[in-house]
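In order, the protein sequence lines correspond to chains A and B. Quick note on numbering: the first sequence equals residues 1 to 296 in UniProt numbering. Quick note on numbering: the second sequence equals residues 1 to 237 in UniProt numbering.
The set of hints was computed from the structure by calculation and includes no laboratory data. Hints may be right or wrong, so weigh each one.
Said to hold, decoys possible - Here are the simulated SDA-like cross-link-like pairs (lysine to any residue), alpha carbons at most 25 Å apart as the crow flies: (1) B:Lys-180 to B:Ser-54; (2) B:Lys-63 to B:Arg-105; (3) A:Lys-86 to B:Asn-12; (4) A:Lys-86 to B:Lys-180; (5) A:Lys-86 to B:Ser-54.
What the hints assert, rightly or not - Restraint-style ranges between C-beta atoms, simulated for each label pair: (6) B:Pro-112 to A:Asn-281: 37 to 43 Å; (7) B:Asp-114 to A:Val-78: 49 to 55 Å; (8) A:Thr-107 to B:Arg-105: 56 to 62 Å; (9) A:Tyr-160 to B:Gln-26: 25 to 31 Å; (10) A:Ile-129 to B:Pro-112: 56 to 62 Å; (11) B:Ala-59 to A:Thr-217: 46 to 52 Å.
As the list claims (entries may be wrong) - Chain A is nowhere near these chain B residues, computed Cβ spacing over 12 Å in every case: (12) Met-1; (13) Asp-23; (14) Ser-48; (15) His-66; (16) Gly-75; (17) Val-81; (18) Leu-91; (19) Glu-95; (20) Glu-125; (21) Gly-136; (22) Glu-181; (23) Met-184.
Remember, predicted model here, so these are calculated numbers, not experimental data. Note that the Cβ used here is the ideal one computed from N, Cα and C, for glycine as well.
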Amino acid sequence: MLLQQLLNGVVVGGVYALFAVGFNLVFGVQRLLNLAHGAVFMTGAFVAYYTVRAGGPLILGFVAAAVASGVLAMIIEVVCFRRLRKSGDAEFGAIISSMGAGMVIMTFWQWVSQTQVLRFPFDTVPVVIYRFWGLRVSLLQLMMAAAAIAIVLVMAWFIYRTAFGRQVRAVTDSERASMLVGINPNRIYNLTYFISGALAGAAGVLVGLAFNNINFTMGEPYLMFGFAIIILGGLGSIPGALMASLIFGMVQTLSIAYLPSGLTTAFIFSAMFLILLVRPNGLMGREEAGSLRGRR
Amino acid sequence: MLEIRDLQVHYNGITALRGVSLDVNQGEVVALIGPNGAGKSTLVNAVSGIVSPSAGTIAFEGKPLHSSRAWTISGMGVLQVPEGRQVFPQLTVTENLQLGATALRGRKAGIPLDEVHALFPILRERAEQLAGSLSGGQQQMLAIGRALMGSPRLLLLDEPSLGLAPVIIAQVFAALRTLKERGMTILLIEQNATLALDLSDRAYILEQGRVVMSGASKALAADADVVSHYLGVTPEG
Ligand SMILES: Nc1ncnc2c1ncn2[C@@H]1O[C@H](COP(=O)(O)OP(=O)(O)O)[C@@H](O)[C@H]1O
Ligand SMILES: [Mg+2]
Numbered sequence: 001m002l003l004q005q006l007l008n009g010v011v012v013g014g015v016y017a018l019f020a021v022g023f024n025l026v027f028g029v030q031r032l033l034n035l036a037h038g039a040v041f042m043t044g045a046f047v048a049y050y051t052v053r054a055g056g057p058l059i060l061g062f063v064a065a066a067v068a069s070g071v072l073a074m075i076i077e078v079v080c081f082r083r084l085r086k087s088g089d090a091e092f093g094a095i096i097s098s099m100g101a102g103m104v105i106m107t108f109w110q111w112v113s114q115t116q117v118l119r120f121p122f123d124t125v126p127v128v129i130y131r132f133w134g135l136r137v138s139l140l141q142l143m144m145a146a147a148a149i150a151i152v153l154v155m156a157w158f159i160y161r162t163a164f165g166r167q168v169r170a171v172t173d174s175e176r177a178s179m180l181v182g183i184n185p186n187r188i189y190n191l192t193y194f195i196s197g198a199l200a201g202a203a204g205v206l207v208g209l210a211f212n213n214i215n216f217t218m219g220e221p222y223l224m225f226g227f228a229i230i231i232l233g234g235l236g237s238i239p240g241a242l243m244a245s246l247i248f249g250m251v252q253t254l255s256i257a258y259l260p261s262g263l264t265t266a267f268i269f270s271a272m273f274l275i276l277l278v279r280p281n282g283l284m285g286r287e288e289a290g291s292l293r294g295r296r
Numbered sequence: 001m002l003e004i005r006d007l008q009v010h011y012n013g014i015t016a017l018r019g020v021s022l023d024v025n026q027g028e029v030v031a032l033i034g035p036n037g038a039g040k041s042t043l044v045n046a047v048s049g050i051v052s053p054s055a056g057t058i059a060f061e062g063k064p065l066h067s068s069r070a071w072t073i074s075g076m077g078v079l080q081v082p083e084g085r086q087v088f089p090q091l092t093v094t095e096n097l098q099l100g101a102t103a104l105r106g107r108k109a110g111i112p113l114d115e116v117h118a119l120f121p122i123l124r125e126r127a128e129q130l131a132g133s134l135s136g137g138q139q140q141m142l143a144i145g146r147a148l149m150g151s152p153r154l155l156l157l158d159e160p161s162l163g164l165a166p167v168i169i170a171q172v173f174a175a176l177r178t179l180k181e182r183g184m185t186i187l188l189i190e191q192n193a194t195l196a197l198d199l200s201d202r203a204y205i206l207e208q209g210r211v212v213m214s215g216a217s218k219a220l221a222a223d224a225d226v227v228s229h230y231l232g233v234t235p236e237g
């Protein structure tokens, strides 16, 4: 039934949002794609898994995952991007260096997990189903939706309502002008990468729980969706990424429910192309692609 | 207050400044004029820490600036209004002004928002508008207002008249005159030598990375060579 599928779609979309909002946040600030973002996401799932396995409560696993992924993303920025950004060809260089970082991280977890698929202990999230208005919602789904909404709201508040968020937006607009008003852009980069990584890590935990499957390749499809979401939402736009994530989540659950299996991914990307025909800069995109180059 | 000695700046192979020395004393308005490409912007960017000099020294109140980072220099109250305005286009006018106050750090605000609004009333009218939607003149006023919010001890203005209509230029320069009368120390870069010599106490003329002439602005404005080279036509009035 449609309403149930839409509800499931919102939950999936919320998780996509956690992944894509951070991806798009750092793209907006530095105009660089962090191709290790999928690996950061995966790191969150692994850290939460090992925390829970070691006897820690799930909430501790969440916090540990967010912090570890946030710090990892900060390290990626310093190691892969910081020097590179001073060169003329940072966009291309960043693709290669962050791809490399992603591979290092994947190899690390492959080694740690010995290429096994890991699963959270059975009762990590109790299987409880709530029913209302004829809809079924599991406790896990509620958790996912609540976490996604809470995190996205906090982040929107932070970016648009705090003095620090104002500085983030200033650096996004112009690094040079922000230095002239006394902002140290490196601090802003540390912070935005931390946020971006922490959001991805949280998404990794939720996905690991939802599919009860944690493995060293789990970040790959999300990276793919991440691309599609930021293109659909508009490069660098946080509200756009949010909206596109929800659309993707819903299109995905609807197509799984009503279309022959195997067509889902093709269908999602077709939907993206259709929307881009009408809005070539994405839902909330403001600039032509040409003006993105060389703005730093 | 500002002491520049034998400053040299190179951009991969291009020499932009070939040993420039320049002083700005407390309470003075000093103009730096010269043709396009002379190295004027390079000089203020070196002071602001945006470009790093290859030789020479820059000192502000005796403290060396030439190895400090741009945000530290702004934090000391050496504030630049950059060429081409460079406001934050996707932030509102008010947010732009608030960001200007970042440079205050521990220093107390010398110029409250009300005074910036009094100087440029349009910034109050357009408070909630995105800076990118303002006209060029309004953006220039915003860029100056943003620097004022950081309570400048030395204000560096890079071609504030660039691309503006004469009426707007007059408004901007009227505001600069007000600042001068309040005792603000200003280094003003201009291609429009008439305007710059009129406002300033002293001036330097820069050509191909070298100071070719300097002195009291009145004397320079009366100098026949300067008039024919930089003022184009005889100065009116
Ligand atoms: N970022 C840069 N890279 C290379 N060359 C530059 C750069 N900025 C300025 N230049 C060169 O340095 C010289 C001085 O430029 P600039 O300081 O902008 O002059 P002005 O402000 O007097 O017009 C010019 O020859 C200019 O082409
Ligand atoms: Mg210039």
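Comparing the hints with the structure gives:
In summary, the hint linking B:Lys-180 to B:Ser-54 is not supported, as the alpha carbons are separated by about 33 Å, beyond the 25 Å threshold. Straight-line distance between C-alpha atoms of B:Lys-63 and B:Arg-105 comes to about 18 Å, which keeps the hinted pair within the 25 Å bound. Restraint check for A:Lys-86 and B:Asn-12: the C-alpha separation of about 13 Å stays at or below 25 Å, so the hint holds. Only pairs whose Cα atoms come within 25 Å are accepted, and A:Lys-86 paired with B:Lys-180 is rejected, the gap being roughly 38 Å.
Using a Cα cut-off of 25 Å, the hinted pair A:Lys-86 and B:Ser-54 holds, with the two alpha carbons roughly 18 Å apart. With their beta carbons about 40 Å apart, B:Pro-112 and A:Asn-281 fall inside the hinted range of 37 to 43 Å. A beta carbon spacing of about 42 Å between B:Asp-114 and A:Val-78 contradicts the range 49 to 55 Å that was offered as a hint. At roughly 44 Å, the beta-carbon separation of A:Thr-107 and B:Arg-105 lies outside the given 56 to 62 Å, and the hint is violated.
The hint said 25 to 31 Å for the Cβ distance between A:Tyr-160 and B:Gln-26, and at roughly 41 Å that hint is violated. Roughly 59 Å separates the CB atoms of A:Ile-129 and B:Pro-112, a value that falls within the hinted 56 to 62 Å. Hint check: B:Ala-59 to A:Thr-217, Cβ distance near 57 Å, so the stated range 46 to 52 Å is violated. At roughly 19 Å from the closest C-beta of chain A, the C-beta of B:Met-1 stays outside 12 Å, upholding its exclusion from the interface.
For B:Asp-23, the requirement that its beta carbon stay farther than 12 Å from each beta carbon of chain A is met, with the minimum near 22 Å. With a minimum CB-CB distance of about 6 Å to chain A, B:Ser-48 fails to clear the 12 Å threshold, and the non-interface call is violated. Chain A leaves B:His-66 outside its interface by the beta-carbon criterion, the shortest separation being 16 Å against a cut-off of 12 Å. Not every CB of chain A lies more than 12 Å from the CB of B:Gly-75, the least distance being 5 Å, so the non-interface label is violated.
The beta carbon of B:Val-81 is not kept farther than 12 Å from every beta carbon of chain A, the shortest such distance being approximately 8 Å. Distance to chain A contradicts B:Leu-91 as a non-interface residue, since its nearest Cβ pair spans about 6 Å, not more than 12 Å. Annotated as non-interface, B:Glu-95 brings its C-beta within 12 Å of a C-beta of chain A; the closest such distance is 6 Å. The Cβ of B:Glu-125 lies farther than 12 Å from every Cβ of chain A, with a closest approach of about 21 Å, so its non-interface assignment holds.
Residue placement check: B:Gly-136 keeps its beta carbon more than 12 Å from all beta carbons of chain A (closest about 16 Å). With 12 Å as the threshold on Cβ separation, the claim that B:Glu-181 sits away from chain A holds: the shortest Cβ distance comes to roughly 25 Å. Here B:Met-184 stays apart from chain A, with its beta-carbon at least about 17 Å from theirs, past the 12 Å limit.
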